[in-house]
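Novice: Just so you know, the sequences run in chain order A and B.
So for the first sequence, this note's numbering puts the first residue at 82; every next one is plus one.
So for the second sequence, this note's numbering puts the first residue at 82; every next one is plus one.
None of the hints are false.
Here are some, though not all, of the chain B residues that point toward chain A, as calculated from beta-carbon distances under 7 Å: (1) ALA213; (2) GLY215; (3) SER216; (4) ALA273; (5) VAL274; (6) ILE275; (7) ILE279; (8) SER308; (9) ALA310; (10) GLY311; (11) GLY315; (12) HIS318; (13) LEU339; (14) ASP341; (15) MET360; (16) VAL361.
Computed Cβ-Cβ distance ranges for the label pairs, DEER-style: (17) A:PRO187 x B:ASP267: 32 to 40 Å; (18) B:LYS182 x A:ALA195: 29 to 37 Å; (19) A:GLY125 x B:SER346: 51 to 59 Å; (20) B:ALA184 x A:ARG153: 26 to 34 Å; (21) A:ARG153 x B:GLY125: 55 to 63 Å; (22) B:ASN209 x A:ASP211: 23 to 31 Å.
By construction, these hints were calculated from the structure, which means they are not laboratory data.
All figures in this text were calculated on a predicted structure; none of them were measured in a lab.
Glycine included, every Cβ here is placed at the ideal spot set by N, Cα and C.
Each chain is listed here by its residues.
Number of protein chains: 2
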Amino acid sequence: MKIQAPYLMFLGDAPDQLAAKVANGVAKWRPDWCLGQLRFDGCGADLGLTDMSLEEAKAAGVKTLVIGVANRGGVIPDHWKASLLDALEMGFDLASGLHNKLADIPEIVEKAKANGRQLFDVRHPTGNFDVAKGSKRPGKRLLAVGTDCSVGKMFTALAVEAEMKKRGMKCSFRATGQTGIFIAGDGVSVDAVISDFISGATEQITPANDADHWDVVEGQGSLFHASFAGVSLGLLHGSQPDALVMCHVAERDHMRGLPDFPLPSIQDCIEVNERMGRMVNPDCRVIGISVNTSMLDDAAADEYLAGLEAETGLPCVDAYRHGAARLVDALG
Amino acid sequence: MKIQAPYLMFLGDAPDQLAAKVANGVAKWRPDWCLGQLRFDGCGADLGLTDMSLEEAKAAGVKTLVIGVANRGGVIPDHWKASLLDALEMGFDLASGLHNKLADIPEIVEKAKANGRQLFDVRHPTGNFDVAKGSKRPGKRLLAVGTDCSVGKMFTALAVEAEMKKRGMKCSFRATGQTGIFIAGDGVSVDAVISDFISGATEQITPANDADHWDVVEGQGSLFHASFAGVSLGLLHGSQPDALVMCHVAERDHMRGLPDFPLPSIQDCIEVNERMGRMVNPDCRVIGISVNTSMLDDAAADEYLAGLEAETGLPCVDAYRHGAARLVDALG
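Throw the hints in and build the complete structure from the sequences for me.
Specialist: Structure representation (structure tokens):
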């Protein structure tokens, strides 16, 4: 079941740009799908899209209202609820990245049912997953892995997909987190899946395919992250990758949320990811490195990447500054 | 919240001994807690305990009826239900290892409430877990890890705990699966926890403790198992072990449930577990090997273990044949 594009991006009264981080990612990567934004008085976020009422969105052909903002205190306020009910009444589907489920609000569920509309709570997987089989399946897969959380794995995967599309290669971005799911239209928030099924859910979203088709899989966490490494390993095994891109951030004091843990060296991280990846695919190898160098100026970034390239012998890019062409070249 | 001993083991009409595998494990490791068994006509399982009616169990001081059998087709039959309702009425708590939850059967929930009784669905964690912090906490921890699933990790952990108790050491068996939870009285089925919280749930069941106290943690799966490695890694990171015992089975064609995968070598498995364990505890090391040699005769088992010992330089035992004394000796 796929979220139907095009989208109207619901920002409500998000206090600032950061609260609309998810919506922002969707608008960046799927500009053609995001026809407008719905903002209330006092909204501090702006995606740079046309402001639209529900009526205007309907006239423009929008299919789904996408809630890509954080809500304060985990509660959906009444004035949001009124808009969401109106949207269902007018024939839009709702897709939400909120922690609280739309499916847990009886009025919303009833209204959706009465109007034959779909509700998507993208943080909360609803499918039944099988235990992973591990058997080799046709098709090629690339997975973005990382030295830490929040180092640009989704960004890198999407940059790789964009480059592959530009070259006319067969490819699909496979989403494993909420922003990615809005961007792909489907996928599974793997960190919300029951542990037994992490790899199984990943196998399901990266199924057998044409021999020359690439799944470009969004990574999560890091094998070195003391909180989330289990999720990362499940993803690595389930996606059975041929190619890994190691994602990193140029300057960070410690692992995200873990003040006691320095970041691992890129070399260690490459070695461990290849070791664990080869358990399910003997050809698995890191083909390049993608570094978020946003805190460095151009010259410092170039110097950093050149140094890393000399050290590792792998193409090193900042996908934001340079795109992913050199990573796709490295697939050979 | 702890399951209260002593137990009456409910076998119902389990067709054979295998269907009562869980109950059997509990009776083996906690003979003092298992005062009797409740069997219906045609029951093909026998734990070697006194057959008791609910009335007899009540008189004997039983607190909890433990359902440690598999039910056919995932349905709790009506004649079981009648017994369970009677048990609640008579003041027993119920603890179940069934896939279907007692908490999903309205009559059972109502009866428990009316009688002030507790229901424990040990396969289904009910707590709210935090994301793992990874910070070093006092107390020592030993984790049983494995080359595969079902190689005797729980058995080995319990043998280690028994040996430690015999020596008067401070220790606690920490359960991570259903049989273990009945044996410990509490714990978490980690494979049923949401992926984001595997390590956090493990930290919660292995909390800070006296510097000379050992948590002996039941392992799950294997870092090399394509279906469940994420669970194994979450457990490894969350339990922050000082000592690992590598568990193995002497003769097995392929990894459990994965016909395409041969078992990893013990040496590879030691290396990878130490590598991943040292991310959270630099002192983490494999202190010994525990092999299920049940398919070998005594002489062949001795030869096998001696060979492995020469190869690895670690004490190698079959915990079932020899107990865990040499493993505890190796803690130094």
